[in-house]
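Read top to bottom, the protein sequences are chains W and X.
Take the working numbering: the final residue in the first sequence is number 122, and no numbers are missing along the way.
Take the working numbering: the final residue in the second sequence is number 122, and no numbers are missing along the way.
No lab work stands behind these hints: they were computed from the structure.
It is possible that part of the hints are untrue.
The list cannot tell twin chains apart, which means a pair is met if one copy fits it or any two copies do.
[As the list claims (entries may be wrong)] For lysine-lysine, the following BS3-like pairs were computed, each having C-alpha atoms within a straight-line distance of at most 27 Å:
| no. | residue 1 | residue 2 |
| --- | --- | --- |
| 1 | Lys106 | Lys43 |
| 2 | Lys43 | Lys84 |
| 3 | Lys11 | Lys43 |
| 4 | Lys84 | Lys42 |
| 5 | Lys84 | Lys11 |
| 6 | Lys(-7) | Lys49 |
| 7 | Lys49 | Lys110 |
| 8 | Lys112 | Lys11 |
| 9 | Lys106 | Lys11 |
| 10 | Lys(-8) | Lys106 |
Protein chains: 2
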Amino acid sequence: MWGDFVKKIPSIGEAEWQVMEVLWEKGQATFSEIRSALREHNWSQTTIHTMLTRLIKKGAVAIKEGTSPYLFYPLVSREECRRHETLAFLRRVYNGSVKLFLTNFVNDVDLSDEEIDELLKVLEKCKTSEHSHEGGK
Amino acid sequence: MWGDFVKKIPSIGEAEWQVMEVLWEKGQATFSEIRSALREHNWSQTTIHTMLTRLIKKGAVAIKEGTSPYLFYPLVSREECRRHETLAFLRRVYNGSVKLFLTNFVNDVDLSDEEIDELLKVLEKCKTSEHSHEGGK
DNA sequence: ATCTATATTCTACATTTGTAGTATGCAGTT
DNA sequence: AACTGCATACTACAAATGTAGAATATAGAT
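Build the full structure now, drawing on both the sequences and the hints.
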């Protein structure tokens, strides 16, 4: 379905994901901005730097050319990362089946009827709204 | 009901999960049974053994007392593991919001209207059926 | 008792990830 | 020039995980 020429989404760890969130939120940011956005995590500066470095090496982040205090920005979108993680997760835990996921999850975790109603609404909307990617099988 | 004794669900890696699947499927199994069930993975025997050992150490698997060719069996249910993984996943990737998950995911990945209908049905059923769990959190 | 095949244990190594100390570079101030 | 602070780099270490070789135990066949 996605052919062989799919952009390879790098794997992003739990803590790294936090850093990415900041970048996705801000679009771009200097180190101090990132640091202060992550203030509550009480990570040492070097820790954050290490993560940025690794994210760069992985191709998830880049530094805008010629910026003095470096401006970091994401090279992969939150959407593609989410999709990637989601597919991996479903494959791993639910045999790749969204249906199985919903069935089990909604049973396991107590979702209130209100929440279920919300989900129903969301799904309904998705259905009616045409997703026009026909792109042949 | 379980008060503070919340059973701690161990973290289970991707490959380890495969081993657990076998155990969940069979209920219990000897090493050779497990091995042959995982045949297609082309893992060396020791690899599988290592995983079993680690799963035991983690408290995810146990050996039935006094069985000659050891009988391994799961100590944690697929359901609780799934719940655990799911919550962690949602927290990590979707800010803990199922709604966000559905919205994004259904948009990102092309779900056919049929699939959406199926999901709708599943959700509807969940709503009407009493879920008599006590609320957790 | 010996051999052999399967069962079980021990040890090892690379990679990924979280975490962080230390060191150096550079710019503005004294 | 020296000092002070932030910016950036280099190095390190432990835990988790995937992967597997080597060694030993043990039961049944010879």
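Against the structure, the hints:
{"no.": "1", "hint": "Lys106 - Lys43", "verdict": "neither (38 Å within a copy, 41 Å between copies)"}
{"no.": "2", "hint": "Lys43 - Lys84", "verdict": "neither (32 Å within a copy, 30 Å between copies)"}
{"no.": "3", "hint": "Lys11 - Lys43", "verdict": "within (20 Å within a copy, 39 Å between copies)"}
{"no.": "4", "hint": "Lys84 - Lys42", "verdict": "neither (36 Å within a copy, 33 Å between copies)"}
{"no.": "5", "hint": "Lys84 - Lys11", "verdict": "between (34 Å within a copy, 23 Å between copies)"}
{"no.": "6", "hint": "Lys(-7) - Lys49", "verdict": "within (21 Å within a copy, 44 Å between copies)"}
{"no.": "7", "hint": "Lys49 - Lys110", "verdict": "neither (38 Å within a copy, 51 Å between copies)"}
{"no.": "8", "hint": "Lys112 - Lys11", "verdict": "neither (31 Å within a copy, 38 Å between copies)"}
{"no.": "9", "hint": "Lys106 - Lys11", "verdict": "neither (30 Å within a copy, 39 Å between copies)"}
{"no.": "10", "hint": "Lys(-8) - Lys106", "verdict": "neither (32 Å within a copy, 35 Å between copies)"}
Hint violations for this structure: numbers 1, 2, 4, 7, 8, 9, 10, all remaining hints satisfied.
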